[in-house]
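The primary structure of each chain is shown beneath.
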Amino acid sequence: MKSQARSRELFAAFRDSVPVLMGYGVLGFSFGLLAVSQGLAWYWAVLMSLVIYAGALQFLAVGMLQAKAGMLELFAAAVFVNIRQVFYGLSLLKRFKKSGRRKPYLIFALTDETYALMTSTRPDPRIKRRRYDFYLALLNQTYWVLGTAAGALFGTMTDFDTRGIDFALTALFVVLAMEQYKIRRSWTPFLLGAGASIAAMLLVSMDRMLLTAIALALAGMFLFKKRIESD
Amino acid sequence: MIEYDSLYLAEAVAVLALGNLLTRAAPFLFFSRRKPPSVIGFVERNFPPLILTILIFYTLGGVDFTEAPYGTRELLAILATGLLHAWRGNYLLSIFGGTAFYMLLIRIL
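So the sequence lines, in the order shown, correspond to chains A and B.
Using the numbering used here, the letters of the first sequence map in sequence onto residues 1 to 231.
Using the numbering used here, the letters of the second sequence map in sequence onto residues 1 to 109.
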């Protein structure tokens with residue numbers, strides 16, 4: 001009886017995660033392909049998907065590793081690129097209280113897509129939510145890791161001309177910025193980000209650009225807090 | 001091909017994993033007992049669009065805008081990505097269409 005109940009939750013989680021299977025499969029494949037095209041061994045790509053497990057950051061990291069970025073810069077990139085995840089956790093504080101031994105993994109695996117599914121699916125009332133959440137998180141990471149491995153192995157075995165494939169990262173950020181506009185409906189934060197970026201590009205060399213732009217933008221954000229809040 | 005130092009890669013991956021985990025775990029570490037401060041709402045609304053704009057510029061860091069073709073291929077590919085996304089609203093399609101278009105552009109222009 002118990003194993004039957006367990007498979008019910010696994011099946012429900014699988015059914016609800018099929019869109020993520022497509023998305024993570026394809027994006028994970030691209031990440032693996034990009035990583036090996038920049039000279040990283042396939043197992044580094046897979047290791048990153050296992051222990052970092054954050055799409056945009058992993059794409060960004062490929063270029064930063066190639067440029068031999070310093071540890072402080074890598075840490076800041078990880079924190080600032082993914083700062084939105086803080087807000088996911090804030091809204092799940094109560095829900096994860098009852099997750100017991102699965103809680104550390106649920107927190108580790110809290111990606112945009114997993115969060116979106118957890119907070120919007122309404123499974124059958126007979127389903128145990130705690131177990132369902134865990135399977136959902138685990139299945140999603142499995143898709144990401146398998147996609148990465150497939151892309152990295154494909155890139156290792158074939159001689160595919162990948163010149164320009166790193167534009168996928170720019171395209172990803174353009175799409176995410178457009179999605180943010182739908183939520184925020186104001187040009188001010190975008191203009192502030194653009195201004196800080198251009199200033200940083202003119203003031204410092206490219207390997208210091210990211211940290212400088214973030215610092216300038218944060219300073220501007222709090223300096224003009226009143227004005228930004230009002231629109 | 002670039003040579004990577006395994007020790008550097010191991011350290012870098014660990015630092016990236018730690019930084020990322022910190023953003024996911026911070027609420028559970030700091031706010032499981034007390035209420036989060038109100039400034040969090042302000043940051044939540046305004047920081048994501050800001051950092052995404054910076055990242056678009058950052059990924060264009062290797063482009064030389066002072067010499068032909070003056071970054072036109074990148075701008076055209078960004079435009080194509082944006083139009084595709086405004087039209088269909090499917091993020092996978094927009095990213096793949098935009099990237100394929102860019103890969104084509106740098107081979108013909």
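One thing to keep in mind: the hints can contain errors.
[To be verified] Calculated lysine-lysine pairs in the DSBU-like style (CA-CA distance at most 35 Å, straight line):
| id | chain 1 | residue 1 | chain 2 | residue 2 |
| --- | --- | --- | --- | --- |
| 1 | A | K182 | A | K225 |
| 2 | A | K128 | A | K97 |
| 3 | B | K35 | A | K226 |
| 4 | A | K103 | B | K35 |
| 5 | A | K68 | B | K35 |
| 6 | B | K35 | A | K94 |
| 7 | B | K35 | A | K182 |
| 8 | A | K128 | B | K35 |
| 9 | A | K103 | A | K226 |
| 10 | A | K98 | B | K35 |
[As the list claims (entries may be wrong)] Covered stretches of chain A, going by a simulated chain B footprint (3 or more residues, C-beta under 8 Å):
| id | segment |
| --- | --- |
| 11 | 122-130 |
| 12 | 141-155 |
It should be emphasised that the hints constitute simulated quantities derived from the structure, not laboratory data.
By construction, the Cβ of each residue, glycine as well, lies at the ideal position given by its N, Cα and C atoms.
How the hints compare with the structure:
1. A:K182 - A:K225: Holds: K182 (chain A) and K225 (chain A) sit about 21 Å apart, inside 35 Å.
2. A:K128 - A:K97: holds, 15 Å
3. B:K35 - A:K226: holds, 23 Å
4. A:K103 - B:K35: holds, 20 Å
5. A:K68 - B:K35: violated, 40 Å
6. B:K35 - A:K94: holds, 12 Å
7. B:K35 - A:K182: holds, 28 Å
8. A:K128 - B:K35: Answer holds: K128 (chain A) to K35 (chain B) is near 29 Å, not above 35 Å.
9. A:K103 - A:K226: violated, 38 Å
10. A:K98 - B:K35: holds, 19 Å
11. 122-130: Result for this restraint: violated, n = 0.
12. 141-155: Contact hint for the segment 141-155 of chain A vs chain B: violated, 0 residues under 8 Å.
In this structure, the hints that do not hold are numbers 5, 9, 11 and 12, in rising order.
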